[in-house]
Amino acid sequence: MKLPPVLRLVVRNFASNLDPLTVTIRFGQPAVTIIVLGTMFSTIISSNVTGGGSYTAFLVPGMVAFQMITGGVVSGNLFWLDRRWSMVEQVFSGPFLRAEYLGSLVLTSLLFSLVGVGIMMLVGLPFIGIPSLSVVGTGAVLLTVALGSVFFAGLLIAIGTRLRSANAYFSIQSFLQLFVIFLSTVYYPVTAKTPRALAVVFYGNPLTYAANTIRDAFSGALGGSDLVGLGILAILATVTFTVAVEAFRTMDLGPIQ
Amino acid sequence: MPSEELVLETRDLGYAYAPEKFAIRHLSVGLHRGEVLGLLGRNGAGKTTTVRLLTTLLPPTEGSATVLGYDLRTGGRALRSRLGVVLQSESLDFVSVERNLTLYAFLWGVPRETAKARSEEMIELFELEAARPRKPWALSGGERRRFQVARELMHDMDILFLDEPTVGLDAIARRRILRYLRGRALGGLSIIFTTHILHEADLLCDRIAVLHLGQLIALDTAEGLKQRFGGAREVAIGFESPLAPTVRAELTAELTGRGAMILETDPPSSADRIAFRAPDAEELLPWISHWAHSRSLTVERMSVEEATLESAFLGMIGESDAAASAANAERDEEIVAAARSGGLR
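Protein sequences, first through last, are from chains A and B.
Sequential numbering of the first sequence, starting at 8, is according to our numbering.
Sequential numbering of the second sequence, starting at 75, is according to our numbering.
It should be emphasised that the hints constitute simulated quantities derived from the structure, not laboratory data.
Note that the structure is predicted; figures quoted are calculated from it, not measured.
Backbone N, C-alpha and C fix where the C-beta goes; we use that ideal spot for every residue, glycine too.
Fair warning: there could be bad hints in the mix.
Unchecked claim - Restraint ranges, calculated between C-beta atoms of paired labels, are given here: (1) Ala-106(A) / Pro-185(B): 21 to 31 Å; (2) Ala-191(B) / Phe-21(A): 17 to 27 Å; (3) Glu-203(B) / Ile-242(A): 35 to 45 Å; (4) Glu-83(B) / Val-250(A): 38 to 48 Å; (5) Pro-185(B) / Val-250(A): 18 to 28 Å.
Working from the sequences, and respecting the hints, build out all of it.
Rendered as structure tokens:
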């Protein structure tokens with residue numbers, strides 16, 4: 008039985024572009040962060056700062072939120088490589104629609120992010136135990152990661168449609184990744200002592216909303232602010248994805264030399 | 075022999091990459107089932123644009139086309155699912171050659187068992203056995219090209235587009251591929267084939283379309299093109315006995331008057347021979363026989379240099395057409411600039 012075109016593309020995305028080393032590094036880096044950074048900072052950071060728990064308990068939900076970037080980056084890179092190696096043109100000369108290809112990238116990003124969420128929770132298990140996630144909390148975590156994944160995948164795909172230099176694309180991707188993670192509440196909370204300018208930047212960053220929502224879901228303290236956060240994420244994901252669709256629709260399919 | 079059934083027909087098809095800047099224009103051509111149609115032309119003549127138009131990778135900006143019964147503008151997936159396309163640029167997935175083949179078949183929905191059998195067939199046919207476990211970046215240029223053609227043949231199709239499929243291949247691999255393609259055409263596959271190797275087009279193609287500066291300037295069989303555009307060819311005539319100087323002078327004058335250029339005038343050692351170049355060489359042969367007969371001379375041998383597709387091509391395009399060259403180069407630059415700025419859609 009033939010799979011639907013979009014699923015055939017997803018299988019191809021995984022089979023052709025995700026070598027074991029890349030996958031190990033993508034998931035290994037945040038896992039090591041939880042283990043090393045969590046352990047070391049737990050010894051020097053007071054629980055007052057992290058809302059009562061250990062620093063590792065603070066960090067694990069942050070790393071779970073970070074998986075939406077991991078998924079987005081995987082899809083963005085996949086698209087870039089397909090473009091670089093003329094596979095976009097080759098795919099479109101076959102029985103596929105642009106929407107299906109784009110859909111396959113988003114699905115790949117989602118699947119990758121969700122696998123990452125599972126791995127981060129497993130890595131965090133020895134440090135924080137099983138999080139007291141309710142059904143609503145689990146849904147909130149998955150929805151947050153899904154929206155964030157669409158946001159980052161859309162952003163990188165939109166950038167990838169316009170750049171013709173691999174150096175430029177990968178530099179921007181690295182910079183964005185670094186910028187987004189350090190200017191969010193993944194590693195540290197925004198407190199009353201946070202400089203105002205930085206706090207404004209933090210709250211302009213979708214990863215902040217994602218990290219806060221997931222953290223609240225882990226501690227069973229979901230509230231109105233998380234609903235607002237999810238709403239902001241949904242709007243950002245929709246806007247970015249729409250931009251990506253338009254950029255994708257009008258891009259030149261020809262090879263990048 | 076190709077059938078009468080038309081599988082592709084274009085009517086004044088054109089593509090403008092900017093207002094009034096046409097990469098291809100007024101293209102009216104048909105392709106029959108089982109026919110191999112060659113697209114020849116200089117760099118930037120519009121061959122790749124034509125392939126991209128006919129495979130829906132570019133939308134036409136004027137004219138119309140029907141491919142396998144579908145309108146080119148609206149046929150979309152249904153149309154493309156019956157095409158095979160070997161792009162000019164390398165398109166690769168980062169897995170082994172063997173996995174590339176089966177993965178591509180999977181993308182096209184080819185059943186697993188069929189894909190497996192077909193990949194074995196393609197690996198053998200395209201001499202990729204040694205390359206089977208290697209990743210694309212570890213392949214030589216020729217292997218990559220062979221692999222790319224092999225990969226496209228993993229699925230079924232009605233029309234195969236090949237954009238310079240034999241670039242970088244050695245003569246043996248080239249012949250092997252051409253022979254295979256000829257066989258597939260005999261089996262009913264229609265093929266559109268672009269190349270710069272004119273001898274290949276001569277061997278493979280039933281008809282040849284010559285594009286120049288985005289326009290179709292000739293469409294005929296290779297033989298037809300050679301006859302129409304083959305230009306001046308060399309003729310050598312050998313007589314039974316040496317020609318008397320006066321007779322030779324008379325023949326020389328007659329031939330010159332008929333547009334021939336004498337190549338060999340009066341070397342003592344070859345007084346029984348005369349050679350010349352003439353645009354309509356074959357038409358002069360009956361006249362020479364008649365002339366010799368009327369002077370009781372016996373023609374022992376006559377040879378006419380065979381017209382080549384290359385000489386025909388040069389005749390059509392104009393080998394020293396400096397104006398066209400400049401226009402071509404300018405057009406190339408404009409197309410590249412438009413693509414870079416995202417102007418090519």
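Verification of the hints:
no.: 1; hint: Ala-106(A) / Pro-185(B): 21 to 31 Å; verdict: holds (26 Å)
no.: 2; hint: Ala-191(B) / Phe-21(A): 17 to 27 Å; verdict: holds (25 Å)
no.: 3; hint: Glu-203(B) / Ile-242(A): 35 to 45 Å; verdict: violated (55 Å)
no.: 4; hint: Glu-83(B) / Val-250(A): 38 to 48 Å; verdict: holds (39 Å)
no.: 5; hint: Pro-185(B) / Val-250(A): 18 to 28 Å; verdict: violated (39 Å)
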